[in-house]
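S.K.: Could you build the full structure based on these sequences and the hints that come with them?
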Amino acid sequence: MGNKNDLGSRMNAKYKGMSKGQKLLSAYITDNYDKAAFLTAAKLGEAVGVSESTVVRFAVNLGYKGYPDFQKALEEQVQDRLYSIRHMETAQEKISRSEILETVLKSDAENIKETMEQMDAQAFALAVDTILSARNIYVIGIRSCAPLAVFLSFYLNMMFDGVRLLNTNSASEIFEQMVRIGKEDVIIGVSFPRYSMRTLKAIEFANHRSARVITLTDSVHSPVNLYSSCNLTAKSGMFAAWDSLTAPLSVANALIAALYAKKRKEVASRLGELEEIWEEYQVYGSDEIDSVEDSIKMRCTEETGEQN
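Sequence positions in the sequence shown follow the numbering used here and run 339 to 646.
Because the hints were derived from the structure by calculation, they are not lab data. Check each hint, because a few of them may be wrong.
Listed below are the simulated DSS-like cross-link pairs for lysine-lysine, each with C-alpha atoms no more than 30 Å apart in a straight line [as the list claims (entries may be wrong)]:
#, residue 1, residue 2
1, 373, 361
2, 352, 600
3, 352, 381
4, 410, 381
5, 410, 358
6, 403, 381
7, 354, 373
8, 521, 352
9, 381, 361
10, 451, 600
11, 539, 403
12, 403, 451
13, 451, 410
14, 539, 381
15, 539, 361
16, 603, 539
17, 358, 373
18, 521, 539
Quick list of the computed label-pair ranges, beta carbon to beta carbon [claimed, not checked]:
#, residue 1, residue 2, range
19, 505, 602, 26 to 36 Å
20, 439, 591, 19 to 29 Å
21, 373, 611, 47 to 57 Å
Using N, Cα and C, we set each Cβ at its ideal position, and we do this for glycine too.
M.R.: Written out as structure tokens, the structure is:
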């Protein structure tokens with residue numbers, strides 16, 4: 339997560355008590371810190387839609403002497419990110435191609451091992467029970483976390499009615515899809531560095547509506563845990579310019595397996611029904627490589643032989 343004095347950690351620590359304008363600034367900086375580093379206080383306020391004085395108060399609220407001090411912290415964050423990427427790329431260049439596969443797989447295995455050792459079994463059991471008792475299940479994951487959200491929602495949909503994968507193209511669309519969320523519902527938020535402010539806002543909104551919140555993230559200090567009633571943590575070690583999400587995927591897989599164990603009969607019934615539908619409407623018939631008729635195979639072979 340980083341040093342407690344770095345900019346990201348300061349924003350995470352202060353986020354819950356921020357004004358609306360300050361939360362907008364946090365959201366913009368989280369998603370566009372590389373651009374924000376080169377903006378004046380007036381230009382940053384213009385980009386976000388708040389006053390210059392709000393920007394200055396935001397910087398002071400985070401513990402900086404003023405906007406120049408805050409901007410310096412932003413520049414350092416950009417430089418640190420670039421250094422990390424260059425350092426990892428340099429390390430990669432020293433690894434031969436034959437070693438890359440082994441190196442990455444060993445790193446992923448270590449991430450899974452650490453995740454297993456640190457996992458809170460009670461939190462995992464609570465997550466299972468919470469999902470089982472929910473009326474509707476909302477799932478959100480943005481950018482690199484989107485595939486995990488899709489994976490979760492796909493298999494949850496096999497077991498439950500009312501599973502909703504949130505379309506995350508814009509913040510307004512997210513809230514439109516969540517407008518009916520309530521205390522009988524649950525939202526599963528998947529968020530790993532760099533944390534998405536849209537995911538945080540969705541979770542904050544769900545919490546405000548008294549919905550239960552489950553988070554899958556990298557640390558108990560993750561900002562999404564501000565509104566979470568159940569935190570599942572998984573190791574996401576960095577390799578070059580990207581993060582490995584192998585361990586988080588394993589946790590998602592374990593969650594699905596635990597739910598399946600509780601819903602085995604319902605899942606079997608639903609899969610049986612789907613098989614009948616697929617057969618009736620020939621869903622997979624035109625998609626199978628081996629469905630080519632023997633006569634067509636023979637004709638193709640004969641034509642190829644004539645050409646040769």
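S.K.: Run every hint past the structure and note whether it holds.
M.R.: Status of the hints after comparison with the structure:
no.: 1; hint: 373 with 361; result: holds (18 Å)
no.: 2; hint: 352 with 600; result: violated (40 Å)
no.: 3; hint: 352 with 381; result: holds (23 Å)
no.: 4; hint: 410 with 381; result: holds (16 Å)
no.: 5; hint: 410 with 358; result: holds (24 Å)
no.: 6; hint: 403 with 381; result: holds (19 Å)
no.: 7; hint: 354 with 373; result: holds (24 Å)
no.: 8; hint: 521 with 352; result: holds (26 Å)
no.: 9; hint: 381 with 361; result: holds (17 Å)
no.: 10; hint: 451 with 600; result: holds (26 Å)
no.: 11; hint: 539 with 403; result: holds (28 Å)
no.: 12; hint: 403 with 451; result: violated (43 Å)
no.: 13; hint: 451 with 410; result: violated (38 Å)
no.: 14; hint: 539 with 381; result: holds (24 Å)
no.: 15; hint: 539 with 361; result: holds (9 Å)
no.: 16; hint: 603 with 539; result: violated (36 Å)
no.: 17; hint: 358 with 373; result: holds (21 Å)
no.: 18; hint: 521 with 539; result: holds (17 Å)
no.: 19; hint: 505 with 602: 26 to 36 Å; result: holds (31 Å)
no.: 20; hint: 439 with 591: 19 to 29 Å; result: holds (22 Å)
no.: 21; hint: 373 with 611: 47 to 57 Å; result: holds (50 Å)
When the structure is compared with the earlier hints, violations turn up for hints 2, 12, 13, 16 and for no others.
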